[in-house]
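Asker: For reference, the chains in residue letters:
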Amino acid sequence: MFNDLTKAIKENIRDYGMYIALGFIMIIFTNLTNGLFMTPRVISDLIDMTGYIAVLSVGVTLVIVIRHIDLSIGYIAGFLGAVAAMLTSIVEMPVFLMIPLILVMGTLIGAFWTGTLVAGFKVPAFVATLAAMTIFRGLLIRVTNSATIFTANDQFNAIGNGYIPDIANVPGLHILTLIIGGLVVALFVFLEVKNRIKQISYRLHVSTLPIFIMKLVFVSSIIMFFLWKIASFKGLSWTAVIVAVVVAIYAFVTNNTTLGRHIYAVGGNPEAAELSGVSVKRITYIVFGSMGMLAGLSGILFTARLQSATPTAGMGFELDAIAGAFVGGTSASGGIGKVTGSIIGALVMASLTKGMDLMNVGVSYQYIIRGLVLVAAVVFDVYTRNMHAKQA
Amino acid sequence: MANILEMRNITKEFPGVKALDQVNFEVEEGEIHCLVGENGAGKSTLMKVLSGVYPYGTYSGDIVLNNEVQNFSRISDSEKKGVAIIYQELALIPDLSVYENIFLGHEIHKKGIINWHDTKAEAAKMLKKVKLEIHPASKIIDLGVGVQQLIEIAKALSKEVKLLILDEPTAALNESDSENLLELLKDLKKQGVTSIMISHKLKEVIAIADTVTVLRDGKTICSLKASQGEVNEKEIIKYMVGREINDIFPKRLEKNFGDVQLEVKNWSAFDRKLGRHVVKDANFNVRKGEIVGIAGLMGAGRTEFALSVFGNSKSYDISGEVLVDNQRVSLKKPKDAIDKGLAYVSEDRKGNGLILIQDIKQNITVANLSKLSNYMVIDKNEEIEIAEKYRESMNIKTPSIEQKVMNLSGGNQQKVALSKWLFVEPNVLILDEPTRGIDVGAKYEIYTIMNELVAKGLSIIMISSELPEVLGMSDRVYVMAEGRLTGELPIEEATQEKIMEMATV
Chain A
1 MFNDLTKAIK ENIRDYGMYI ALGFIMIIFT NLTNGLFMTP RVISDLIDMT GYIAVLSVGV
61 TLVIVIRHID LSIGYIAGFL GAVAAMLTSI VEMPVFLMIP LILVMGTLIG AFWTGTLVAG
121 FKVPAFVATL AAMTIFRGLL IRVTNSATIF TANDQFNAIG NGYIPDIANV PGLHILTLII
181 GGLVVALFVF LEVKNRIKQI SYRLHVSTLP IFIMKLVFVS SIIMFFLWKI ASFKGLSWTA
241 VIVAVVVAIY AFVTNNTTLG RHIYAVGGNP EAAELSGVSV KRITYIVFGS MGMLAGLSGI
301 LFTARLQSAT PTAGMGFELD AIAGAFVGGT SASGGIGKVT GSIIGALVMA SLTKGMDLMN
361 VGVSYQYIIR GLVLVAAVVF DVYTRNMHAK QA
Chain B
393 MANILEMRNI TKEFPGVKAL DQVNFEVEEG EIHCLVGENG AGKSTLMKVL SGVYPYGTYS
453 GDIVLNNEVQ NFSRISDSEK KGVAIIYQEL ALIPDLSVYE NIFLGHEIHK KGIINWHDTK
513 AEAAKMLKKV KLEIHPASKI IDLGVGVQQL IEIAKALSKE VKLLILDEPT AALNESDSEN
573 LLELLKDLKK QGVTSIMISH KLKEVIAIAD TVTVLRDGKT ICSLKASQGE VNEKEIIKYM
633 VGREINDIFP KRLEKNFGDV QLEVKNWSAF DRKLGRHVVK DANFNVRKGE IVGIAGLMGA
693 GRTEFALSVF GNSKSYDISG EVLVDNQRVS LKKPKDAIDK GLAYVSEDRK GNGLILIQDI
753 KQNITVANLS KLSNYMVIDK NEEIEIAEKY RESMNIKTPS IEQKVMNLSG GNQQKVALSK
813 WLFVEPNVLI LDEPTRGIDV GAKYEIYTIM NELVAKGLSI IMISSELPEV LGMSDRVYVM
873 AEGRLTGELP IEEATQEKIM EMATV
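Sequence order for the protein chains is A and B. For the first sequence, position 46 matches number 46 in the numbering used here, and the numbering has no gaps at all. Going from the second sequence to the numbering used here is simple: count from 1 and add 392.
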């Protein structure tokens with residue numbers, strides 16, 4: 001049993017490395033802050049403050065997978081956030097119209113600016129998006145007129161600060177959140193079991209039954225633990241719901257659709273993909289378009305959270321998002337990377353910030369430590385990859 | 393003569409595999425020693441142990457060089473003792489000059505400042521030694537593969553090599569360049585350089601070897617001496633595969649040629665990067681049930697011909713007509729060609745053929761995912777079934793279809809590439825060097841598969857630099873030289889001599 005476990009951990013260390021790291025960091029901070037880190041309020045806040053970075057991480061994961069980079073996403077998010085604020089406060093456009101409009105604008109910016117430059121004119125993405133970064137920084141200052149735009153629309157602000165309604169009235173416990181948690185766990189167990197049965201029927205390699213059950217119990221209890229924490233605060237926030245939906249959609253598309261497979265094919269070997277009938281150009285446009293769309297979403301989440309758009313919004317988002325993707329196991333050389341991993345990566349980085357905030361660590365040290373963690377994650381990634389390559 | 397090298401009881405293990413198992417290997421001073429064996433037999437691993445790529449301590453056994461036990465912990469250690477290894481993939485920097493490349497890593501310098509005068513003069517001397525008449529200031533990128541291979545040897549000579557190891561030096565060379573290289577090895581032998589050559593081309597081995605050592609499954613099988621008349625093709629193959637192969641090329645029982653499946657008229661392709669035509673006025677056809685060989689020397693434009701027809705129009709300006717089933721078609725991108733029933737199995741499996749970091753099943757299905765998906769959602773059950781089907785029918789040797797393709801041997805990678813293109817159910821299969829760098833057993837399997845496919849009515853276009861293969865498999869042979877189709881021969885009239893004549897016009 002114990003041997004099985006160490007073997008399973010060794011084989012899957014790459015896949016589970018960041019989950020372990022996240023758990024490790026949380027336990028350490030809980031100890032260092034005398035339990036403050038694990039309080040419902042902090043956990044809830046942690047998830048909400050990760051939201052706008054997490055959606056960027058999801059998008060940039062795919063950009064990195066197809067061997068590009070996007071430095072402009074921070075200021076595009078800032079710019080579109082400001083546009084969203086203006087549309088709701090000044091034009092008084094309804095939120096249900098404003099959101100799709102912003103997402104479309106983001107998609108167009110990503111596809112037509114970055115996509116055209118990178119796929120059409122073969123400009124290195126680093127340069128194309130570096131240019132876009134300063135352009136949108138300028139545009140952001142223009143549209144905000146160097147002043148803060150406050151958003152007075154309650155619906156809009158709820159996206160960043162509100163919580164889903166409850167169906168029952170139990171003091172101190174959000175019932176709908178718990179029910180959703182239960183459903184998520186049920187779905188997880190169902191999919192895992194189904195997948196295992198399928199793998200066994202094709203005689204593929206599977207972990208032993210005790211390990212499998214342990215994994216199910218372990219993951220389910222973690223999900224329920226956090227949802228219980230959240231439920232005993234104010235329940236799931238709209239931000240958390242939006243991020244969860246984005247992750248679910250992207251995880252499905254990347255894992256189960258031809259589009260997803262084509263993206264990984266382009267990242268794994270663009271020449272081979274092209275000769276296999278995959279249009280590298282088309283994929284590049286799509287990936288940058290999706291990146292732009294998520295930048296728009298990130299802008300909405302951030303502006304709603306702050307209830308205002310500022311002339312400096314979006315500064316440094318791109319670096320946090322890219323760091324999240326790398327910490328989450330995305331390969332710097334392309335072709336490998338999961339959106340779920342990047343979400344965990346973003347959570348790791350956010351946990352560090354939150355934990356250090358609680359401990360009153362100076363901001364200078366925070367930057368240094370986060371930089372070191374990023375390097376450690378990539379070193380770990382390269383090291384385990386080489387280890388696997390040598391085995392072959 | 394004394395032994396310059398003895399490797400005793402070398403065992404090298406990778407997790408789960410014993411790559412070398414108590415291998416003994418002796419090389420006499422001043423001889424040309426060929427190391428042969430199927431892919432995965434351990435040849436390259438053995439040479440990597442010798443040259444210090446796998447450092448002392450990661451293997452067991454002794455390396456005795458010049459009667460001294462050596463513990464190399466890095467490549468530079470073995471270089472200091474006069475061992476130089478030239479890999480299959482050339483390690484020259486394309487944008488640097490010949491002389492810069494020759495002295496790369498061991499520059500002639502004083503306190504870090506390079507003496508370019510001496511460097512150029514020395515480089516010229518080295519080029520003379522390998523009988524190259526090129527300017528030392530030429531850039532590598534402008535030179536052919538054959539010349540590059542000789543520059544690699546010049547580089548080795550500049551390090552005062554005593555034991556030269558060549559890993560499949562002729563794999564990418566045409567016949568005349570290969571001959572050149574072999575002549576040079578004989579020359580170097582006279583000058584006292586001992587060579588170890590890994591090769592799949594048995595004809596060369598027989599022509600040049602003083603001793604042949606056969607490895608199989610990580611074990612030394614035998615050492616054959618040319619001086620005692622032990623070196624011949626049948627013998628070597630027998631030891632390599634452990635069985636006798638009487639037919640190198642499987643016989644086709646019956647040949648039924650149908651209508652013309654693919655026809656190309658007045659085809660020209662202009663390479664924008666090179667600024668010249670790589671294909672000029674080519675007229676070509678292939679019938680159903682026919683294997684058409686395209687022979688020619690390296691750089692004759694065969695791959696470019698195939699790629700330009702296959703819709704790879706990005707790098708070429710094309711003119712001419714392509715007819716599929718007598719219908720004129722416009723193939724603007726590979727997808728168009730695939731939709732019209734064409735498939736192109738690349739000569740460069742690792743470069744543009746396969747996605748090495750993905751597993752077998754993903755590689756097999758990538759060119760035709762729509763076949764197993766509904767509204768873009770992939771049916772993963774079906775994918776597994778399909779991959780399993782090809783694993784069985786193509787005899788892909790792997791513990792699982794979830795194995796990453798980079799972990800497979802050359803022969804198995806080629807089978808995956810073939811599976812991938814068969815899964816698109818093509819009518820015309822273009823095979824570019826289908827057996828390059830793969831072992832005898834796998835070659836035979838691939839030939840058998842080709843025969844089965846044409847029996848079903850497929851048309852096969854086989855581009856090959858190996859004349860025996862062209863003659864053994866084709867029903868008709870086109871010869872290409874300098875971008876033009878210079879000849880067409882029915883198989884009955886085709887001989888090596890005739891083809892070479894047409895290839896060198």
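Derived by calculation from the structure, the hints in this document are not laboratory data. Heads up, the beta-carbon is just placed ideally off N, CA and C, and yes, glycines get one too. Please note that a few of the clues may not be correct.
Unchecked claim - Some chain B residues judged to face chain A by a derived CB distance under 8 Å, without partners named: (1) 722; (2) 726; (3) 727; (4) 743.
Said to hold, decoys possible - With the Cβ distance kept under 10 Å, some of the chain A side facing chain B (calculated, not the full set): (5) 45; (6) 199; (7) 245; (8) 248; (9) 249; (10) 253; (11) 255; (12) 257; (13) 258; (14) 259; (15) 271; (16) 272; (17) 331; (18) 333.
Asker: A separate judgement is required for each hint: does it hold in the structure or not?
Answerer: Against the structure, the hints:
no. : hint : in the structure
1   : 722  : 16 Å, violated
2   : 726  : 5 Å, holds
3   : 727  : 4 Å, holds
4   : 743  : 6 Å, holds
5   : 45   : 37 Å, violated
6   : 199  : 9 Å, holds
7   : 245  : 18 Å, violated
8   : 248  : 14 Å, violated
9   : 249  : 13 Å, violated
10  : 253  : 8 Å, holds
11  : 255  : 9 Å, holds
12  : 257  : 4 Å, holds
13  : 258  : 4 Å, holds
14  : 259  : 6 Å, holds
15  : 271  : 4 Å, holds
16  : 272  : 5 Å, holds
17  : 331  : 8 Å, holds
18  : 333  : 9 Å, holds
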